[in-house]
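Residue-level listing of the chains:
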Amino acid sequence: MNIDQLHKKIQAVDAPAFLFTRIQQKIEKTYSTVLPKKFAFALSLSFVFIVVFNAGALVYKTKQNNSVASVAESMNLMPNNDLYTHE
Amino acid sequence: MTFEELYNIHAGMVFNLALQYVQNTEDAEEITQDVFLSVHQSFSSFKGESTLKTWIYRITINKSLDYIKSKQRKKRFAFLTSLFFDNSSDLKHDQPTFDHPGILLEDKESIAAIFKHINDLPDNQKTALILHKIENKTQVEVAEIMQTSPKAIESLIQRAKTNLSKKLNTNEG
Numbered sequence: 578m579n580i581d582q583l584h585k586k587i588q589a590v591d592a593p594a595f596l597f598t599r600i601q602q603k604i605e606k607t608y609s610t611v612l613p614k615k616f617a618f619a620l621s622l623s624f625v626f627i628v629v630f631n632a633g634a635l636v637y638k639t640k641q642n643n644s645v646a647s648v649a650e651s652m653n654l655m656p657n658n659d660l661y662t663h664e
Numbered sequence: 264m265t266f267e268e269l270y271n272i273h274a275g276m277v278f279n280l281a282l283q284y285v286q287n288t289e290d291a292e293e294i295t296q297d298v299f300l301s302v303h304q305s306f307s308s309f310k311g312e313s314t315l316k317t318w319i320y321r322i323t324i325n326k327s328l329d330y331i332k333s334k335q336r337k338k339r340f341a342f343l344t345s346l347f348f349d350n351s352s353d354l355k356h357d358q359p360t361f362d363h364p365g366i367l368l369e370d371k372e373s374i375a376a377i378f379k380h381i382n383d384l385p386d387n388q389k390t391a392l393i394l395h396k397i398e399n400k401t402q403v404e405v406a407e408i409m410q411t412s413p414k415a416i417e418s419l420i421q422r423a424k425t426n427l428s429k430k431l432n433t434n435e436g
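Sequences listed follow chains U and X, in order.
In terms of the working numbering, the first sequence opens at residue 578 and continues consecutively.
In terms of the working numbering, the second sequence opens at residue 264 and continues consecutively.
By construction, these hints were calculated from the structure, which means they are not laboratory data.
All values derive from a computational prediction rather than experimental measurement.
Since no wrong hints were added, every one of them can be taken at face value.
Listing some non-contacts, in silico: residues in chain X with all C-beta distances to chain U over 12 Å:
hint: 1; residue: Ser308
hint: 2; residue: Leu315
hint: 3; residue: Lys316
hint: 4; residue: Thr317
hint: 5; residue: Lys337
hint: 6; residue: Phe340
hint: 7; residue: Ala341
hint: 8; residue: Phe347
hint: 9; residue: Phe348
hint: 10; residue: Glu407
hint: 11; residue: Met409
Cut-off 16 Å, straight-line C-alpha distance, at most; resulting in silico cross-link-like pairs (EDC-like, lysine to aspartate or glutamate):
hint: 12; chain 1: X; residue 1: Lys316; chain 2: X; residue 2: Glu268
hint: 13; chain 1: X; residue 1: Lys429; chain 2: X; residue 2: Asp383
hint: 14; chain 1: U; residue 1: Lys603; chain 2: X; residue 2: Glu293
hint: 15; chain 1: X; residue 1: Lys332; chain 2: X; residue 2: Asp386
hint: 16; chain 1: U; residue 1: Lys586; chain 2: X; residue 2: Glu398
hint: 17; chain 1: U; residue 1: Lys603; chain 2: X; residue 2: Glu292
hint: 18; chain 1: X; residue 1: Lys332; chain 2: X; residue 2: Asp290
hint: 19; chain 1: X; residue 1: Lys424; chain 2: X; residue 2: Asp383
hint: 20; chain 1: U; residue 1: Lys586; chain 2: X; residue 2: Glu369
hint: 21; chain 1: X; residue 1: Lys424; chain 2: X; residue 2: Asp386
hint: 22; chain 1: U; residue 1: Lys603; chain 2: X; residue 2: Glu267
hint: 23; chain 1: U; residue 1: Lys586; chain 2: X; residue 2: Asp370
hint: 24; chain 1: U; residue 1: Lys585; chain 2: X; residue 2: Glu369
hint: 25; chain 1: X; residue 1: Lys334; chain 2: X; residue 2: Glu292
hint: 26; chain 1: X; residue 1: Lys334; chain 2: X; residue 2: Asp383
hint: 27; chain 1: X; residue 1: Lys400; chain 2: X; residue 2: Glu417
hint: 28; chain 1: X; residue 1: Lys332; chain 2: X; residue 2: Asp383
hint: 29; chain 1: U; residue 1: Lys586; chain 2: X; residue 2: Asp362
hint: 30; chain 1: U; residue 1: Lys585; chain 2: X; residue 2: Asp370
hint: 31; chain 1: X; residue 1: Lys334; chain 2: X; residue 2: Glu289
hint: 32; chain 1: X; residue 1: Lys424; chain 2: U; residue 2: Asp581
hint: 33; chain 1: X; residue 1: Lys316; chain 2: X; residue 2: Glu407
hint: 34; chain 1: X; residue 1: Lys414; chain 2: X; residue 2: Glu404
hint: 35; chain 1: X; residue 1: Lys337; chain 2: X; residue 2: Asp290
hint: 36; chain 1: X; residue 1: Lys400; chain 2: U; residue 2: Asp581
hint: 37; chain 1: U; residue 1: Lys586; chain 2: X; residue 2: Glu372
hint: 38; chain 1: U; residue 1: Lys585; chain 2: X; residue 2: Glu398
hint: 39; chain 1: X; residue 1: Lys430; chain 2: X; residue 2: Asp383
For every residue, glycine included, the Cβ atom is placed at its ideal position computed from N, Cα and C.
Could you build the full structure based on these sequences and the hints that come with them?
Structure follows, in structure tokens:
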């Protein structure tokens, strides 16, 4: 068969009637799974807050440990309770 | 224009073009759904630089080519899986089927042979050939859809025809 005759041998067909309903269902499904902008903003804000809070707590705790260690050192105290291995 | 009106005007065109790419009703239905989902999602980004019909044509072509590629990927994966797992059923259920509802039964065999070779052509040659020789678009229309010059389309179609006739002659000989 000649390639130039191909369009004469292939008839156009109608799209199945149920397709539009399926497309509508898919569209609705897509919209229901999309996160609302306000909710996404609140979620990201709370995430940032948690990270900042944890970082702050960590910094505060490190500073406190440092001050205890420096006091112990200035008073020539042992920084631990290990009495037997210390000379 | 409502989405339903837009669908009613263009559904046939989208479904038939998808059929020329995949030659299978089920796959063409899947592509048509993807196309209209895309149209619905990105309608606000349509700038009106081309006609709505040309824009939908482009989406259909891209979706069809993507669909074919993803199907080939799945097939390769299923083949690899079947090498390692005996009970893999993916490959068995994924046989390529020629089920084009627009072709008469008496022509089915000869046209299926032509489509087998069209499917092996590079994407741009395949698209130019389908639009010009099957969808019966002029070279200028094809050039507008493929965003290139009519000269380039003429050359693409010529190369596609040469490749096809070579493959068909090899098969016959």
